[in-house]
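Asks: The lines below spell out each chain.
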Amino acid sequence: DAGITQSPRHKVTETGTPVTLRCHQTENHRYMYWYRQDPGHGLRLIHYSYGVKDTDKGEVSDGYSVSRSKTEDFLLTLESATSSQTSVYFCAISVDRDQPQHFGDGTRLSIL
Amino acid sequence: RKEVEQDPGPFNVPEGATVAFNCTYSNSASQSFFWYRQDCRKEPKLLMSVYSSGNEDGRFTAQLNRASQYISLLIRDSKLSDSATYLCVVRAGTYKYIFGTGTRLKVLA
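Chains A and B, in that order, give the protein sequences.
Counting from 6, one number per residue, gives the positions in the first sequence under this note's numbering.
Counting from 592, one number per residue, gives the positions in the second sequence under this note's numbering.
Please keep in mind that the hints were generated in silico from the structure rather than gathered at the bench.
Being a predicted model, the structure only gives us computed values, none of them experimental.
Hints are supplied without guarantee of correctness; some may be wrong.
Within a straight-line C-alpha distance of at most 25 Å, the following computed DSS-like cross-link-like pairs (lysine-lysine) qualify [unchecked claim]:
| no. | chain 1 | residue 1 | chain 2 | residue 2 |
| --- | --- | --- | --- | --- |
| 1 | B | 633 | A | 58 |
| 2 | B | 633 | A | 16 |
| 3 | A | 62 | B | 636 |
| 4 | B | 593 | B | 670 |
| 5 | B | 636 | B | 593 |
| 6 | B | 687 | A | 62 |
| 7 | A | 62 | A | 16 |
| 8 | B | 633 | B | 697 |
| 9 | A | 58 | A | 75 |
| 10 | B | 687 | B | 633 |
| 11 | B | 670 | A | 62 |
| 12 | B | 593 | A | 75 |
| 13 | A | 16 | B | 636 |
| 14 | A | 75 | A | 62 |
| 15 | B | 670 | B | 633 |
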């Protein structure tokens, strides 16, 4: 399995609080991605990174920001969490942009 | 119309059966295609990439039909352990990966 660790694995928090999810990889892959998965939807891309300090928005980026200060870490921040951000969040990595992505175990986030 | 569409199922099949899933995509410029499996409350795991000429990996065969814009996955000799949701993934742009909502398979003893 690809060396990807997401933390925390589960989190329950209140509306309006900031939340940061961490993705850590040991594969030295250049590309990293954050997705959310909700019932009735396929995985949807929130943000992605194509190198240290190089990030861009995906299709559902509103309310989220990211940072990548090291190759191995990609952080997803919800500045002020809302109930609509309750979801399962997956981090993925790929060695190149046209290669398959490999996923972390996911973070189950509940915003009450 | 969704960019990637899959029959949600469930497909209930007996052990040993052959089952096939299709996935249609709307963007004719799509460049790469993959099948993933996802077990309940787990992460998606790559099952196989799909190549233009079709490809096989053990009991699994994937095919691409660009003219009709669909990919297929065939599973032969189904095992109980094949029970999962199968996700079709299409790369429609540089960073634009579109995931289907999945087809659920249940293999029955």
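Asks: Hint by hint, note whether the structure agrees.
Replies: Hints versus structure:
no. : hint          : result
1   : B/633 / A/58  : 29 Å, violated
2   : B/633 / A/16  : 16 Å, holds
3   : A/62 / B/636  : 24 Å, holds
4   : B/593 / B/670 : 31 Å, violated
5   : B/636 / B/593 : 23 Å, holds
6   : B/687 / A/62  : 11 Å, holds
7   : A/62 / A/16   : 24 Å, holds
8   : B/633 / B/697 : 16 Å, holds
9   : A/58 / A/75   : 8 Å, holds
10  : B/687 / B/633 : 23 Å, holds
11  : B/670 / A/62  : 40 Å, violated
12  : B/593 / A/75  : 36 Å, violated
13  : A/16 / B/636  : 23 Å, holds
14  : A/75 / A/62   : 19 Å, holds
15  : B/670 / B/633 : 19 Å, holds
In terms of the numbered hints stated before, the structure departs from hints 1, 4, 11 and 12, listed from lowest to highest.
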